[in-house]
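In the order they appear, the protein sequences are chains A and B. Residue numbers for the first sequence follow my numbering, so the first one is 1 and each next one is one higher. Residue numbers for the second sequence follow my numbering, so the first one is 1 and each next one is one higher.
What the hints contain is simulated information worked out from the structure, not anything from laboratory work. Each hint should be verified, as a subset may be incorrect.
Note: identical chains are not told apart, hence a pair may lie in one copy or across any two.
Listed next, the in silico SDA-like pairs over lysine to any residue satisfying Cα-Cα at most 25 Å (straight line) [as the list claims (entries may be wrong)]: (1) Lys-112 to Ile-8; (2) Lys-107 to Pro-7; (3) Lys-107 to Val-43; (4) Lys-88 to Glu-74; (5) Lys-88 to Asp-22; (6) Lys-20 to Lys-88; (7) Lys-104 to Asp-40.
Every value quoted in this text rests on a predicted model; they were computed, and no experiment measured them.
2 protein chains.
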Amino acid sequence: MTNQSTPIIKQYVALIVLEKLDNSFDSIEQIAQKLIIGLDLHVVNEMSHSFDPEGITLAYILSESHLLIHTWPEMGIIHIDLVTCSYKSKEDFENSLNKALSEKNIKSLEIKAVDF
Amino acid sequence: MTNQSTPIIKQYVALIVLEKLDNSFDSIEQIAQKLIIGLDLHVVNEMSHSFDPEGITLAYILSESHLLIHTWPEMGIIHIDLVTCSYKSKEDFENSLNKALSEKNIKSLEIKAVDF
Numbered sequence: 001m002t003n004q005s006t007p008i009i010k011q012y013v014a015l016i017v018l019e020k021l022d023n024s025f026d027s028i029e030q031i032a033q034k035l036i037i038g039l040d041l042h043v044v045n046e047m048s049h050s051f052d053p054e055g056i057t058l059a060y061i062l063s064e065s066h067l068l069i070h071t072w073p074e075m076g077i078i079h080i081d082l083v084t085c086s087y088k089s090k091e092d093f094e095n096s097l098n099k100a101l102s103e104k105n106i107k108s109l110e111i112k113a114v115d116f
Numbered sequence: 001m002t003n004q005s006t007p008i009i010k011q012y013v014a015l016i017v018l019e020k021l022d023n024s025f026d027s028i029e030q031i032a033q034k035l036i037i038g039l040d041l042h043v044v045n046e047m048s049h050s051f052d053p054e055g056i057t058l059a060y061i062l063s064e065s066h067l068l069i070h071t072w073p074e075m076g077i078i079h080i081d082l083v084t085c086s087y088k089s090k091e092d093f094e095n096s097l098n099k100a101l102s103e104k105n106i107k108s109l110e111i112k113a114v115d116f
């Protein structure tokens with residue numbers, strides 16, 4: 001329903017399975033930072049939470065909307081949710097994601113676009 | 001791709017247009033709180049950001065994943081993004097949303113489910 005009376009809202013969700021997920025905070029934050037730089041996003045606030053026994057969530061409020069990353073290390077899974085009001089295509093997201101994960105051993109990577 | 005080797009990940013995104021959006025922090029937080037209670041969600045961390053000149057973002061990390069709310073008051077728009085690892089159906093989300101917005105004048109409400 002994007003038209004002159006609505007904002008541009010692009011949302012992409014990625015479900016990634018890695019052969020082996022380094023679930024350290026630094027490693028997950030590095031993926032986030034590579035995405036933020038690669039997609040030219042602008043962070044205005046951020047927080048995180050480490051779950052017991054494992055799993056990390058990183059949340060960024062962007063001037064463009066939000067970026068959320070969750071991990072399920074026991075299954076090698078990373079879930080990435082990007083909502084942006086800038087003109088980013090699914091290909092832009094996919095390219096930045098592949099660059100951010102270039103040193104990881106990807107088992108599978110699926111991306112869904114949410115369109116209204 | 002939900003099976004025994006992956007967690008339950010349910011994601012619902014709502015785009016709501018109101019006749020007139022009360023963009024006060026309290027009003028938007030009240031909608032969030034009604035959703036959190038209605039869907040029996042559990043907040044482990046939260047943050048917010050007020051944009052200049054308008055627009056509010058509320059972000060909640062949940063023990064179930066996340067809830068994000070963005071507003072574009074100039075267009076009467078609320079965007080709600082829920083990711084949960086609990087067994088919530090689209091109908092659960094829709095019902096809680098309608099209750100949370102029961103005192104608002106809804107122009108349109110669309111919900112998308114993100115399925116892998």
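**Message:** Regarding Lys-107 and Val-43, is the shortest C-alpha distance of 25 Å or less found within a copy, between copies, in both, or in neither?
**Reply:** Neither, since 29 Å and 31 Å both go past 25 Å.
**Message:** I want to check one pair: Lys-88 and Asp-22. Are their C-alpha atoms no more than 25 Å apart within a copy, between two copies, both, or neither?
**Reply:** neither (28 Å within a copy, 29 Å between copies)
**Status of Ile-8 relative to Lys-112 across identical chains (alpha carbons, at most 25 Å)** = both (17 Å within a copy, 17 Å between copies)
**Item:** 25 Å Cα threshold - placement of Asp-40 relative to Lys-104
**Value:** within (22 Å within a copy, 36 Å between copies)
**Request:** Evaluate Lys-88 and Glu-74 at a C-alpha cut-off of 25 Å and name the case that applies: within, between, both or neither.
**Result:** This pair counts as between: shortest inter-copy Cα distance 23 Å, intra-copy 31 Å.
**Asked** When no copy is specified for Lys-20 and Lys-88, does a C-alpha distance of 25 Å or less occur within a copy, between copies, both, or neither?
**Response** neither (29 Å within a copy, 29 Å between copies)
**Same-copy or cross-copy closeness of Lys-107 to Pro-7 [CA-CA at most 25 Å]** = Answer is between; shortest inter-copy Cα gap is 16 Å, intra-copy 35 Å.
Violation of the numbered hints given earlier is confined to hints 3, 5 and 6; the remaining hints are satisfied by the structure.
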